[in-house]
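Residues per chain, in single letters:
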Amino acid sequence: MNLRSPLGRVRGLGSAKDGTGHWWAQRLTALALIPLTLWFCIAVIAMTGADYAAVAAWAGSPLVAGLLILLVATTFYHAALGLQVVIEDYVHHEMTKLALVLVVKALSLVLALTAILSVLILLFARV
Amino acid sequence: MISSRRPLSPHLQVYRWQITMTLSILHRLTGIALAVGTLLLTYWLAAAATGPDAFAAAQGFIGSLVGRLLLFGWSYALFYHLCNGIRHLVWDAGYGFEIATTTRSGWAVVAASVVLTLAAWIGGYLAMGA
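From first to last, the protein sequence lines stand for chains A and B.
For the first sequence, numbering that gives the first Met the number 0 gives the first residue as 0, with consecutive numbering after it.
For the second sequence, numbering that gives the first Met the number 0 gives the first residue as 0, with consecutive numbering after it.
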C-alpha cells in the first residue's frame with residue numbers, strides 16, 4: 000500500500016521538501032568552481048612577490064573583478080551548502096543543528112559581502 | 000543522542016582498509032579546511048581594498064613561516080578537493096562505479112593533487128625569483 004498522495008508523488012519531493020535543490024546547487028557550483036579556481040590559482044601564482052600597485056591594478060580591472068566576484072560568490076555558496084551537510088550529518092540535537100546551520104549561512108554571507116565589496120572598491124578606485 | 004537501545008551496525012574499524020574510504024573522509028575534511036581558508040581569501044581581498052599598509056601586513060603574514068605552512072596545507076586541500084570533486088561529478092553523471100575503477104580513479108586523484116600542489120609551489124617560487 001502506498002500512503003503518498005498522487006500530488007506528492009508527481010512532485011517527487013519527500014518530507015524535507017527541497018533536497019534536490021540543495022544537491023543540484025552543490026553540483027552546479029562545483030562545476031563552476033573548476034575553471035574559476037584554476038584561473039585564480041594560476042593568476043595568484045603568476046603574481047607571487049608582486050607589489051601592491053600590481054595586485055590592485057590586477058584585481059581592479061573589469062574582467063578580473065567580475066571573475067573574482069563570481070569566484071567569491073560561488074565559493075561561499077558552495078562552502079555553505081557543504082558545511083550544512085556536514086552539520087546535518089553529525090549534529091543530532093535539533094536546535095543546535097538549526098543554530099549551527101544559521102551561523103554558517105550568516106558567516107558565509109558576511110564574508111562573501113566583505114570580499115565582494117573589497118573587489119568593488121578596487122574596481123572603482125582604479126577608475 | 001541515542002534515545003533507544005537498538006542494535007548498531009558494526010563500526011568503521013571492522014572493515015578492511017581501502018583507498019576509497021580514506022579519500023571519502025578526506026574530501027569532507029579538505030572541504031571543511033577550505034571553508035576555513037576562505038577567511039584568508041577574504042582577508043587578502045579586504046586588505047588590498049584597505050590600502051598599501053594593510054596589504055603589506057597581509058602579505059607579511061602570508062609570507063611568514065606560519066603563513067607559508069598554512070598556505071601549503073590549503074593549497075593541497077584545494078587541489079585534492081578539486082580533483083576528487085571532479086571524480087564525484089563523474090559519479091554523479093553515472094560513470095565509474097566499478098570497484099576496480101573507483102580504486103584506480105582514487106589513486107589518480109592522489110597523484111594529480113600531489114603533482115598540482117608541487118607545480119603550484121615551484122611556479123610560485125619561480126615567479127618570485129623572476
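Among these hints, one or two may not hold up.
[What the hints assert, rightly or not] The following residues of chain B were derived to be distant from chain A, with all beta-carbon distances above 12 Å:
1) 31
2) 38
3) 48
4) 49
5) 55
6) 58
7) 65
8) 77
9) 87
10) 97
11) 99
12) 102
[To be verified] Pair ranges (Cβ atoms, derived):
13) 125(A) to 39(B): 41 to 47 Å
14) 95(B) to 19(A): 20 to 26 Å
15) 124(B) to 125(A): 45 to 51 Å
Hints in this document: simulated from the structure, not taken from any laboratory.
Note that this is a predicted model, so its numbers are computed, not measured.
Beta carbons: idealized from backbone N, C-alpha and C, even for Gly.
Evaluated hints:
1. 31: For residue 31(B), whose nearest Cβ neighbour in chain A is about 6 Å away, the distance does not exceed 12 Å, so it is violated.
2. 38: violated (7 Å)
3. 48: Incorrect as stated: the minimum Cβ-Cβ distance to chain A is 4 Å, not above 12 Å.
4. 49: Given that some Cβ of chain A is not farther than 12 Å from that of residue 49(B), nearest at about 8 Å, it is violated.
5. 55: violated (7 Å)
6. 58: violated (8 Å)
7. 65: holds (18 Å)
8. 77: violated (7 Å)
9. 87: violated (8 Å)
10. 97: holds (22 Å)
11. 99: Answer for residue 99(B): holds, closest chain A Cβ roughly 25 Å.
12. 102: holds (23 Å)
13. 125(A) to 39(B): 41 to 47 Å: The hint (41 to 47 Å, Cβ to Cβ) is violated, given that residue 125(A) and residue 39(B) are roughly 24 Å apart.
14. 95(B) to 19(A): 20 to 26 Å: Distance hint for residue 95(B), residue 19(A) holds at roughly 22 Å.
15. 124(B) to 125(A): 45 to 51 Å: violated (29 Å)
When the structure is compared with the earlier hints, violations turn up for hints 1, 2, 3, 4, 5, 6, 8, 9, 13, 15 and for no others.
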